[in-house]
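Q: Sequence:
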Amino acid sequence: MIDPKLNGKVVLITGANHGIGAATAKTFAAQGAKVFITYFRGKTDFSAEEMTQAQKRGAGGPALYAANQQQTGEMVVAEIAAAGGTAVAHEADLADANNIPLLFDQCEAQLGPVGVLVCNHTHCVLETFDPAAVTTEGFPVGFISAAEADRHFAINARAYALLMAEYVQRTLARQAGWGRIILISTDAAHAHEANVHYAASKHAIESYGRSAAAELGKYGITVNIVAPGPIQTGYIEPEAEAHIAANTPLRGIGRPDHLADVILFMASEQARWVTGQLIYVGGGWRMGQ
Numbered sequence: 026m027i028d029p030k031l032n033g034k035v036v037l038i039t040g041a042n043h044g045i046g047a048a049t050a051k052t053f054a055a056q057g058a059k060v061f062i063t064y065f066r067g068k069t070d071f072s073a074e075e076m077t078q079a080q081k082r083g084a085g086g087p088a089l090y091a092a093n094q095q096q097t098g099e100m101v102v103a104e105i106a107a108a109g110g111t112a113v114a115h116e117a118d119l120a121d122a123n124n125i126p127l128l129f130d131q132c133e134a135q136l137g138p139v140g141v142l143v144c145n146h147t148h149c150v151l152e153t154f155d156p157a158a159v160t161t162e163g164f165p166v167g168f169i170s171a172a173e174a175d176r177h178f179a180i181n182a183r184a185y186a187l188l189m190a191e192y193v194q195r196t197l198a199r200q201a202g203w204g205r206i207i208l209i210s211t212d213a214a215h216a217h218e219a220n221v222h223y224a225a226s227k228h229a230i231e232s233y234g235r236s237a238a239a240e241l242g243k244y245g246i247t248v249n250i251v252a253p254g255p256i257q258t259g260y261i262e263p264e265a266e267a268h269i270a271a272n273t274p275l276r277g278i279g280r281p282d283h284l285a286d287v288i289l290f291m292a293s294e295q296a297r298w299v300t301g302q303l304i305y306v307g308g309g310w311r312m313g314q
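Positions 26 to 314 (the working numbering) are the ones given, in order, by the sequence shown.
Simulated from the structure, these hints should not be mistaken for lab results.
Don't take each hint at face value.
Unchecked claim - No farther apart than 30 Å at their CA atoms in a straight line, the calculated lysine-lysine pairs in the DSS-like style are these: (1) K81 / K68; (2) K81 / K243; (3) K51 / K30; (4) K68 / K30.
Could you build all of it, start to finish, from the sequences and the hints given here?
A: In structure tokens, the structure reads:
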């Protein structure tokens, strides 16, 4: 068995109340890491009954995805604790830059200084440059707006940069000589029809990651970016799931644990000579795009 040497390390994971973040938290905890989960439950247009019914049906779509997003981080903490692991959760809106140092303060007070930073949280509201693509059906698509441009970049780009900056300052202050930063992007960062802010803000993450990798290597800190393809976190509808599975070289749909395993590797001792890399994790889906 390969030992990633993460036992006792403190891992801060953003956006970890469901999906990729939750799976990543459980995967690190299973290796003996102490996990600090952050999350934020935004507003939803679905009623509690609609989300409950969606969870019972289990079919991907807007209602199920909203239901998953409304879960608390405490549910993940409970699962980790039941398996013998250590985790705590804290809810915070990372669009507010003032919340970022507070997260690190909370983590240090409860678990200790952060050794591994996994930036996974995301904001995604569909908007388009094409008026003909605007719709209220399914996942609504709006026409491009200043408000959503600002919020996407505040959450998906600025918060990532500020989280990295806070992490670096504290890591250097304690002369750790070791660190891991893993940023979660998307395989559609280069272009995404009807999801233009999301793609652009994720592309910014990739640039931040490469710049940070170039600057921080001398401190023993590696920085890498993981870009998932289609991952079933509740949003992919059955027809789309079947299409994706049939057109993915590995013939299937991505699961959160597929990403979690790669993220764990990037934090491991075995990845000590890997930095500044963008890793696509999608079963080969992107090759056909």
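Q: Which of the numbered hints above does this structure break?
A: Violated hints: 2 and 4; rest satisfied.
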